[in-house]
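S.K.: Could you put the whole structure together from the sequences, leaning on the hints where they help?
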Amino acid sequence: MDKRIRVLVAKPGLDGHDRGAKVVARALRDAGFEVVYTGLRQTPEQIAEAAMQEDVNVVAMSILSGAHPHLFPKVVDLVRGKGMKDCLIIGGGVIPEGDIPALKAAGIAEVFTPGTPTGKIVEFIKTNVK
Amino acid sequence: MSNEKIQAELEKYEANVAKALAKFPERKNIPEQRLYTPLDIQGDDYADEISFPGVYPYTRGVQPTMYRGRFWTMRMYAGFSTAEESNKRYRYLIESGATGLSCAFDLPTQIGYDSDDPISEGEVGKVGVAIDSLADMEVLFDKIDLGKVSTSMTINAPASVLLAMYIAVGEKQGVPADQLKGTIQNDILKEYAARGTYIFPPRPSMRLITNIFAYCSKNVPKWNTISISGYHIREAGSTAAQEIAFTIADGIAYCEAAIKAGLDVDSFAGRLSFFWNAHNNVLEEVAKFRASRRIWAKVMKERFHAQKAKSMMLRFHTQTAGSMLTAQQPNNNIVRVALQTAAAVMGGTQSLHTNSRDEALALPTAEAVMIALRTQQIVAYESGLADVIDPLAGSYYVEAMTDRIEKEAMEYIQKIDDMGGAVDAIEKGYIQKEIQDSAYKWQMDVESGAKTIVGVNKFQIEEEPPKGLLRVDASVGVKQTAQLHEMKAKRDNAAVQKALTDLKTACEDENENLMPHILNAVRTYATLGEICGVMRKVFGEYEAHVSL
Chain D
1 MDKRIRVLVA KPGLDGHDRG AKVVARALRD AGFEVVYTGL RQTPEQIAEA AMQEDVNVVA
61 MSILSGAHPH LFPKVVDLVR GKGMKDCLII GGGVIPEGDI PALKAAGIAE VFTPGTPTGK
121 IVEFIKTNVK
Chain V
1001 MSNEKIQAEL EKYEANVAKA LAKFPERKNI PEQRLYTPLD IQGDDYADEI SFPGVYPYTR
1061 GVQPTMYRGR FWTMRMYAGF STAEESNKRY RYLIESGATG LSCAFDLPTQ IGYDSDDPIS
1121 EGEVGKVGVA IDSLADMEVL FDKIDLGKVS TSMTINAPAS VLLAMYIAVG EKQGVPADQL
1181 KGTIQNDILK EYAARGTYIF PPRPSMRLIT NIFAYCSKNV PKWNTISISG YHIREAGSTA
1241 AQEIAFTIAD GIAYCEAAIK AGLDVDSFAG RLSFFWNAHN NVLEEVAKFR ASRRIWAKVM
1301 KERFHAQKAK SMMLRFHTQT AGSMLTAQQP NNNIVRVALQ TAAAVMGGTQ SLHTNSRDEA
1361 LALPTAEAVM IALRTQQIVA YESGLADVID PLAGSYYVEA MTDRIEKEAM EYIQKIDDMG
1421 GAVDAIEKGY IQKEIQDSAY KWQMDVESGA KTIVGVNKFQ IEEEPPKGLL RVDASVGVKQ
1481 TAQLHEMKAK RDNAAVQKAL TDLKTACEDE NENLMPHILN AVRTYATLGE ICGVMRKVFG
1541 EYEAHVSL
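Heads up: the sequence lines are chains D and V, in that order. Residue numbers 1 to 130, in my numbering, belong to the letters of the first sequence in order. Residue numbers 1001 to 1548, in my numbering, belong to the letters of the second sequence in order.
Just to be clear, a hint being listed does not mean it is correct.
[As the list claims (entries may be wrong)] The following label-pair restraints were derived from C-beta to C-beta distances:
{"hint": "1", "chain 1": "V", "residue 1": "Leu1548", "chain 2": "D", "residue 2": "Gly119", "range": "12 to 22 Å"}
{"hint": "2", "chain 1": "D", "residue 1": "Gly115", "chain 2": "V", "residue 2": "Tyr1381", "range": "27 to 37 Å"}
{"hint": "3", "chain 1": "D", "residue 1": "Gly115", "chain 2": "V", "residue 2": "Ser1395", "range": "26 to 36 Å"}
{"hint": "4", "chain 1": "V", "residue 1": "Ala1482", "chain 2": "D", "residue 2": "Gly81", "range": "26 to 36 Å"}
{"hint": "5", "chain 1": "D", "residue 1": "Gly115", "chain 2": "V", "residue 2": "Glu1032", "range": "23 to 33 Å"}
{"hint": "6", "chain 1": "D", "residue 1": "Asp77", "chain 2": "V", "residue 2": "Ser1475", "range": "13 to 23 Å"}
{"hint": "7", "chain 1": "V", "residue 1": "Leu1039", "chain 2": "D", "residue 2": "Ala50", "range": "55 to 65 Å"}
{"hint": "8", "chain 1": "D", "residue 1": "Ala50", "chain 2": "V", "residue 2": "Lys1433", "range": "18 to 28 Å"}
{"hint": "9", "chain 1": "V", "residue 1": "Leu1548", "chain 2": "D", "residue 2": "Lys85", "range": "26 to 36 Å"}
{"hint": "10", "chain 1": "D", "residue 1": "Gly81", "chain 2": "V", "residue 2": "Glu1427", "range": "36 to 46 Å"}
{"hint": "11", "chain 1": "V", "residue 1": "Glu1541", "chain 2": "D", "residue 2": "Gly81", "range": "25 to 35 Å"}
[As the list claims (entries may be wrong)] Subject to a maximum C-alpha distance of 20 Å in a straight line, what follows is the list of computed SDA-like cross-link-like pairs (lysine to any residue):
{"hint": "12", "chain 1": "D", "residue 1": "Lys120", "chain 2": "V", "residue 2": "Lys1441"}
{"hint": "13", "chain 1": "D", "residue 1": "Lys120", "chain 2": "V", "residue 2": "Ile1461"}
{"hint": "14", "chain 1": "D", "residue 1": "Lys74", "chain 2": "V", "residue 2": "Ser1475"}
{"hint": "15", "chain 1": "V", "residue 1": "Lys1467", "chain 2": "D", "residue 2": "Pro69"}
{"hint": "16", "chain 1": "D", "residue 1": "Lys126", "chain 2": "V", "residue 2": "Glu1447"}
{"hint": "17", "chain 1": "D", "residue 1": "Lys120", "chain 2": "V", "residue 2": "Met1444"}
{"hint": "18", "chain 1": "D", "residue 1": "Lys120", "chain 2": "V", "residue 2": "Thr1452"}
{"hint": "19", "chain 1": "V", "residue 1": "Lys1433", "chain 2": "D", "residue 2": "Gly39"}
{"hint": "20", "chain 1": "V", "residue 1": "Lys1458", "chain 2": "V", "residue 2": "Gln1329"}
{"hint": "21", "chain 1": "V", "residue 1": "Lys1451", "chain 2": "D", "residue 2": "Gly119"}
{"hint": "22", "chain 1": "D", "residue 1": "Lys120", "chain 2": "V", "residue 2": "Gly1449"}
{"hint": "23", "chain 1": "D", "residue 1": "Lys120", "chain 2": "V", "residue 2": "Trp1442"}
{"hint": "24", "chain 1": "D", "residue 1": "Lys120", "chain 2": "V", "residue 2": "Gln1443"}
{"hint": "25", "chain 1": "V", "residue 1": "Lys1433", "chain 2": "D", "residue 2": "Asp30"}
{"hint": "26", "chain 1": "V", "residue 1": "Lys1467", "chain 2": "D", "residue 2": "Glu97"}
{"hint": "27", "chain 1": "V", "residue 1": "Lys1441", "chain 2": "D", "residue 2": "Gly115"}
{"hint": "28", "chain 1": "V", "residue 1": "Lys1467", "chain 2": "D", "residue 2": "Phe112"}
{"hint": "29", "chain 1": "D", "residue 1": "Lys104", "chain 2": "V", "residue 2": "Pro1465"}
{"hint": "30", "chain 1": "D", "residue 1": "Lys120", "chain 2": "V", "residue 2": "Glu1447"}
{"hint": "31", "chain 1": "D", "residue 1": "Lys74", "chain 2": "V", "residue 2": "Asp1473"}
{"hint": "32", "chain 1": "D", "residue 1": "Lys74", "chain 2": "V", "residue 2": "Ala1474"}
{"hint": "33", "chain 1": "V", "residue 1": "Lys1488", "chain 2": "V", "residue 2": "Thr1524"}
{"hint": "34", "chain 1": "V", "residue 1": "Lys1143", "chain 2": "V", "residue 2": "Glu1084"}
{"hint": "35", "chain 1": "V", "residue 1": "Lys1479", "chain 2": "D", "residue 2": "Pro69"}
{"hint": "36", "chain 1": "V", "residue 1": "Lys1298", "chain 2": "V", "residue 2": "Gln1063"}
{"hint": "37", "chain 1": "V", "residue 1": "Lys1428", "chain 2": "D", "residue 2": "Gly39"}
{"hint": "38", "chain 1": "V", "residue 1": "Lys1143", "chain 2": "V", "residue 2": "Gly1182"}
{"hint": "39", "chain 1": "V", "residue 1": "Lys1458", "chain 2": "D", "residue 2": "Thr113"}
{"hint": "40", "chain 1": "D", "residue 1": "Lys120", "chain 2": "V", "residue 2": "Ser1448"}
Keep in mind that the hints were calculated from the coordinates and are not lab data. All values derive from a computational prediction rather than experimental measurement. Yeah, the Cβ is synthetic: ideal placement off N, Cα and C, and Gly gets one too.
M.R.: Right under this line is the structure:
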């Protein structure tokens, strides 16, 4: 059965910059995914809960405030803690290159930095989603 | 030359163009017409629409001499980590020739949470300085004379609290409130529409804003009580015309709220200021700045019947467009910022922040900030752009585009009026949707190649990751929390409780101006989180509804 890929686009933390999150959400929707956007100011707990409730295949987070080293890994832990072993978790935003290895080690499958075409994110999800 | 003769010549020219096009096709995706002539501005009445600098409708600038008197204020937005660290950066900027301060606060401060609140975890000191109480504010302005400097604070939902802290620091330095100069952003409507650091619902938020207008007109008369901001609307993806239209619609809503609260328009309008973006398209930006002045002058005169000239003048701060900085080949950003600076200066800005080349990657280093400040100084002292007032006036193209942006913006303002004003248009999600649609279109244009961004979708190279970025380490949160607890142990907690109870009572009485109560609470070292906590209890919190 051809099941549509379900994606939760999330804004963890207090950062209000959601231009990127909304553009990505819309591009993913236009690519044929089912997209749920959390809105601003979500705690890692809220995001993990929403991921489970919405039964998503992918969690895509965006942070521009610099809080990613703290918040991204926390979301990974909580999502995995809910038994969602296969959920693909990706991130984007203003993220220095030097921070990326640690985020990947923490379970973020890929990090998309400014200037990334949305098509690249679509392709990555299609290739890596389980 | 008569218009008929110009028309005839234009037709000859068009015939030549047709021949040339057969041989050399033009570049695609240029929205502007090829050439502008006197025919494009024949409707413009010089005296009514353009006029002179310092004269209604202020198309050419708000002061009669503009930069021939003094340059714009070179004001660099800065703040990170703790108050001590930011204080060092401010003093460095002042020593480097910056002529005003501009404070960036971290997100917990902007949303009214203390550094020890669980929700602040990971965010303390990240995008700005962490301020929990008057104690931090005293450190932030240590050895900076508030009687001399002018300070802009990017603070919105808790603007009343930060302004009260600034007044209290002034008191400690012996500077009376009526000598303080500066600006609070205090523009909540664009927070709902584009920037995201709201706390309370619109009604109590508008009350706080009108309370500040009323309090400052009596007690802090040199303070700019609001900076009605299009900057973030543009950053969120709007077009130039949308930027000024949505912002002026917000401005109209603030005026209406203040008038409804019983204030006379001329008692507060002169202290309203604006904040625009300087984007990549130089001439479009110049036209936008000019159009914004003309629209506001007409709105204040025709709609609000302002009498004082000052009430009709749109004074504005500008920041170069952060969203146009690229993470790729970051040194190219220096050039982008220089062009954006040229636009802001030819558009007649009152103050300017220039972004640093590394800001698509992290907060700027001191070296990058220095280049950004030097960019302004080079434009001011070397380029000649500041020597003649409104130098692009009379350009067929710039005048025609000024008219067109004015017209497009007025159509939006009319549409928003028909919806019941900016507050209703935001609650219906109309403004947000318009901005999102423009942002999406921009992204698709970049991805299709209809728009070229150098280094991003053309002229890319393989690069080493940049080195030496500024890092705010995680220990800031720990340090800030420790200081907060130490301060709380030392202060007179009975006085704090009394002040907070008094504030709560005042919040419950709609006719009470909250500013004196907030100032009293601040003086007892009540924290930002405690003060906003009281207001949260009485006012509730705003819940955004999002549609993609």
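S.K.: Indicate, hint by hint, whether the structure satisfies it.
M.R.: Each hint, compared with the structure:
no.: 1; hint: V:Leu1548 - D:Gly119: 12 to 22 Å; verdict: 18 Å, holds
no.: 2; hint: D:Gly115 - V:Tyr1381: 27 to 37 Å; verdict: 34 Å, holds
no.: 3; hint: D:Gly115 - V:Ser1395: 26 to 36 Å; verdict: 33 Å, holds
no.: 4; hint: V:Ala1482 - D:Gly81: 26 to 36 Å; verdict: 30 Å, holds
no.: 5; hint: D:Gly115 - V:Glu1032: 23 to 33 Å; verdict: 26 Å, holds
no.: 6; hint: D:Asp77 - V:Ser1475: 13 to 23 Å; verdict: 22 Å, holds
no.: 7; hint: V:Leu1039 - D:Ala50: 55 to 65 Å; verdict: 58 Å, holds
no.: 8; hint: D:Ala50 - V:Lys1433: 18 to 28 Å; verdict: 23 Å, holds
no.: 9; hint: V:Leu1548 - D:Lys85: 26 to 36 Å; verdict: 28 Å, holds
no.: 10; hint: D:Gly81 - V:Glu1427: 36 to 46 Å; verdict: 37 Å, holds
no.: 11; hint: V:Glu1541 - D:Gly81: 25 to 35 Å; verdict: 28 Å, holds
no.: 12; hint: D:Lys120 - V:Lys1441; verdict: 17 Å, holds
no.: 13; hint: D:Lys120 - V:Ile1461; verdict: 18 Å, holds
no.: 14; hint: D:Lys74 - V:Ser1475; verdict: 18 Å, holds
no.: 15; hint: V:Lys1467 - D:Pro69; verdict: 18 Å, holds
no.: 16; hint: D:Lys126 - V:Glu1447; verdict: 19 Å, holds
no.: 17; hint: D:Lys120 - V:Met1444; verdict: 13 Å, holds
no.: 18; hint: D:Lys120 - V:Thr1452; verdict: 18 Å, holds
no.: 19; hint: V:Lys1433 - D:Gly39; verdict: 14 Å, holds
no.: 20; hint: V:Lys1458 - V:Gln1329; verdict: 12 Å, holds
no.: 21; hint: V:Lys1451 - D:Gly119; verdict: 16 Å, holds
no.: 22; hint: D:Lys120 - V:Gly1449; verdict: 15 Å, holds
no.: 23; hint: D:Lys120 - V:Trp1442; verdict: 17 Å, holds
no.: 24; hint: D:Lys120 - V:Gln1443; verdict: 13 Å, holds
no.: 25; hint: V:Lys1433 - D:Asp30; verdict: 17 Å, holds
no.: 26; hint: V:Lys1467 - D:Glu97; verdict: 9 Å, holds
no.: 27; hint: V:Lys1441 - D:Gly115; verdict: 15 Å, holds
no.: 28; hint: V:Lys1467 - D:Phe112; verdict: 19 Å, holds
no.: 29; hint: D:Lys104 - V:Pro1465; verdict: 17 Å, holds
no.: 30; hint: D:Lys120 - V:Glu1447; verdict: 11 Å, holds
no.: 31; hint: D:Lys74 - V:Asp1473; verdict: 18 Å, holds
no.: 32; hint: D:Lys74 - V:Ala1474; verdict: 15 Å, holds
no.: 33; hint: V:Lys1488 - V:Thr1524; verdict: 10 Å, holds
no.: 34; hint: V:Lys1143 - V:Glu1084; verdict: 11 Å, holds
no.: 35; hint: V:Lys1479 - D:Pro69; verdict: 18 Å, holds
no.: 36; hint: V:Lys1298 - V:Gln1063; verdict: 17 Å, holds
no.: 37; hint: V:Lys1428 - D:Gly39; verdict: 16 Å, holds
no.: 38; hint: V:Lys1143 - V:Gly1182; verdict: 17 Å, holds
no.: 39; hint: V:Lys1458 - D:Thr113; verdict: 17 Å, holds
no.: 40; hint: D:Lys120 - V:Ser1448; verdict: 13 Å, holds
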